[in-house]
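Trainee: For this one, chain A is given, so just place chain B with the ligand on it according to the hints.
Going down the list, the protein sequences come from chains A and B.
Per numbering that gives the first Met the number 0, the first sequence starts with residue 0, numbered consecutively.
Per numbering that gives the first Met the number 0, the second sequence starts with residue 0, numbered consecutively.
Keep in mind the hints are simulated off the structure, nothing from the lab.
Keep in mind that a hint or two might mislead.
Claimed, not checked - Ranges of calculated distance between the beta carbons of each label pair, as one might list FRET restraints:
(1) Ala56/B x Arg465/A: 22 to 30 Å
(2) Leu416/A x Gly129/B: 31 to 39 Å
(3) Ser395/A x Lys106/B: 36 to 44 Å
(4) Glu31/B x Glu459/A: 18 to 26 Å
(5) Ala63/B x Asp86/A: 49 to 57 Å
(6) Lys106/B x Gly439/A: 32 to 40 Å
(7) Gly93/B x Phe6/A: 33 to 41 Å
(8) Glu209/A x Ala63/B: 17 to 25 Å
(9) Asp89/B x Lys54/A: 56 to 64 Å
(10) Tyr267/A x Asp225/B: 52 to 60 Å
(11) Lys54/A x Ala56/B: 31 to 39 Å
(12) Ala197/B x Val68/A: 56 to 64 Å
(13) Gly129/B x Gly439/A: 34 to 42 Å
The structure displayed is predicted, hence computed values, not measured ones.
Cβ atoms here follow ideal geometry from the backbone N, Cα and C, with glycine treated the same way.
Here are the chains, one letter per residue:
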Amino acid sequence: MQIQSMFFKKRASEKLDDAILQGNMKRAKGKFVDGRAKAVAEFGVWEEVRTHAAKVRDRALANLDAYLVEFERNAVRRGAVVHWAEDAEEACAIIAGIAAKNGVRKVTKSKSMVSEEVNLNERLEAAGVQVVETDLGEYILQLAHEPPSHIVAPAVHKSKEQVAELFVRAHGKPRLTEIPAMTREAREALRDHFLTADMGISGSNFVIAETGTTLTVTNEGNADMVTTLPRIHVVITGIEKVIGTLEDFATLIRLLPRSAIGQSITNYLTLTTGVKMPGDTDGPEQMHIVLVDAGRTKLVGSDLQEMLRCIRCGACMNHCPVYQNVGGHAYGWVYPGPMGSILTPVYVGLENAGDLPNAATFCGECAVACPVKIPLPDLMRKLREQQFDRKLRPWSERMVIAAWGFTATRPALYALLSRIGARVARWMGGSEGLIHWLPGIDGWTKGRDMPAPSGRTFREMYRQKRSGASHGR
Amino acid sequence: MKVGLFVTCLVDLSRPGIGFAALKLLEGAGCEVVVPEAQTCCGQPGYNSGGREIAKALARKVLAEFRDCDYVVAPSGSCSGQMKVATVHDLFQGEPDLPEFEKLAAKWYELSQFLVEVLKVERVPGKFAGTVTYHDSCSGLRELGVKMQPRYLLQMAGASIAEMDGAERCCGFGGTFSIKLGEISTRMCENKCESIRATRAGAIVGGDLGCLLNIEGRLRRTGDKDTKVLHFAQVIAGEE
Ligand code: SF4
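With the rest of the complex left out, here is chain A:
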């Protein structure tokens, strides 16, 4: 996916004016937030499982190298080939190579954010391979030539009407108005692709070290088709997805669908372990697992390591008031919302995503929602510290902070300046006590008045009161 994260402010501004998007986002918010709240309440032992899940993920990250090697050994034992890709380019080259070597003409894909990260579709299409997205949301976006705006519900920014329009153009059939009918039409369109693809590409929510299994969670069952029907199955996923055991998985899967969309269990769980063995009725002849680094090892051992716990549930963005207002596309890369505000700067460079760590009020809703207890605001703050130390924020902003710090540590100077400031601002506020425009803080005054100070500081009034009281005594 093209990196547009440097234009966050401008894109966010456009999205705020997009009435259709605003309506779509409002609808989605209700569904996600209320659904999750209900599922969490019904679960009863949410906090306990959440604490345990964070430990499970931390253990996996602490043993990342050992677990990955164990995973490779077990996957290979079951006939899979494990590939290690250091970056996006290498991941694409590996998969394009597999396609070329096997004369692949058509690929069906189930949802994979890592494939978006590395621009896999573009690469395969450039090599003359037809790529068909089979997750309904991704399918819609492929028709619309748009990137996903959410990691779980990629087409959440689209309304039913917008999808109906796309289907009319793509399927050449009469316009549908009901979602079940539209889904049926998409399934019919996809069926033929499922049966004729030579290669299936899936993502993986978790890969299990003890068994060499890759695991995919879907609600549509499309991953089952993608992983079993074509003769070649390629899994592309990040190295941080490894966990130790199936039991670890049992913990995480109790949290994932509840956090994502308020479901107590997901509709489909696709576990794939190796290739078709003698006696198996189905399964691929070749299975390739591409484990992608692309910036992840940079996080290991850093003060941002907790970010690697992420199980990609989307709860942080669903609960983020910034995301809810601007939508995922404003963030300008694969990962939106709070988790994206950390991952994007790390993966594409802090200098290319300078606004993202700042696109938060630190309201804390994301951290409360995160099923693996990632302290997202704290991590964003760490990135702000890096920006501050590396002088990546505008000069004016750094000067203001430095000047404020200088003054606030010098009480006499502070008292004097605040005394002057309170009076000047009081005067500017006029009879209404409101400042309508103030250069330097026009980000505020464009849409809000600035209530003017009362005119005298607490400090001077308190001093006066005290001396008055002691005189009176």
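Mentor: Chain B with the ligand in isolation, oriented as in the chain A frame:
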């Protein structure tokens, strides 16, 4: 009982009345209140802008000023979060002065929590006949658990509370966020104002001046000159 009042920089500069309301409440409940004159700011603006060292310097300054108090009270959940949570969980982790900050954190209270949980007040000087709606500021709510305390106190003063939809949603202030990402901040604030308007309450009350200035600024800009915007301390002290 010697109680230090941390006025907060915003109250000092912009709404000293809130500071005096807090003072009146504490003294009225029998506390000996000291207000160290050299106090300025808790350091949060620096902390959240990436200026970690500035934040630490200011935290040390606050510590020095309030070390001798039995309690420290601030009419702000946000500054209290900075001194109760950020210092001990982050800024001074692994540093020799951590125990000192732990001590400070343990005796530091947000005003409504102090009144309800420590002083256990049963009476407040203020009388307020109208209906108010309460905005839960993020730090107070999520870092400190401020939720029922201010409502309890407001009801003690006679106010009835009309809860708004999404009282716990962020108002969009976020310190420098409100200027750096002003458009998004304004939209978030507008969402909050919509919820406020829908309650038809005569006053919107909160516990953090930053949020209150943000909300007041948006209400006034959108033509609402009537809805009062108040800190709960002003209401319950009868100083609104
Ligand atoms: S950061 Fe947490 S809440 Fe956000 S997607 Fe990852 S696991 Fe889910």
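Trainee: Next step is simple, just say for each hint if it's right about the structure.
Mentor: Cross-check of the supplied hints:
Range check, Ala56/B to Arg465/A: about 28 Å between beta-carbon atoms, so the 22 to 30 Å window is met. With their beta carbons about 38 Å apart, Leu416/A and Gly129/B fall inside the hinted range of 31 to 39 Å. Distance hint check for Ser395/A and Lys106/B: the Cβ-Cβ separation is about 39 Å, which falls inside the suggested range of 36 to 44 Å. In this structure the hint that Glu31/B and Glu459/A lie 18 to 26 Å apart at CB holds, the actual value being about 22 Å.
Taking 49 to 57 Å as the suggested C-beta distance range, the pair Ala63/B and Asp86/A conforms, at roughly 50 Å. Checked against the given bound of 32 to 40 Å, the beta carbons of Lys106/B and Gly439/A, roughly 38 Å apart, stay inside it. At about 39 Å, the beta-carbon gap between Gly93/B and Phe6/A stays in the expected band of 33 to 41 Å. Between Glu209/A and Ala63/B the C-beta distance comes to about 55 Å, which lies outside the given range of 17 to 25 Å.
Roughly 21 Å separates the CB atoms of Asp89/B and Lys54/A, a value that falls outside the hinted 56 to 64 Å. Checking the proposed 52 to 60 Å range against Tyr267/A and Asp225/B shows it holds: the Cβ atoms sit about 55 Å from each other. Take Lys54/A and Ala56/B: their Cβ atoms lie about 36 Å apart, and the range 31 to 39 Å holds. At roughly 58 Å, the beta carbons of Ala197/B and Val68/A sit within the given window of 56 to 64 Å.
The hinted range of 34 to 42 Å is satisfied by Gly129/B and Gly439/A, whose Cβ atoms lie roughly 37 Å apart.
Hint check: violations occur at hints 8, 9; the rest are consistent with the structure.
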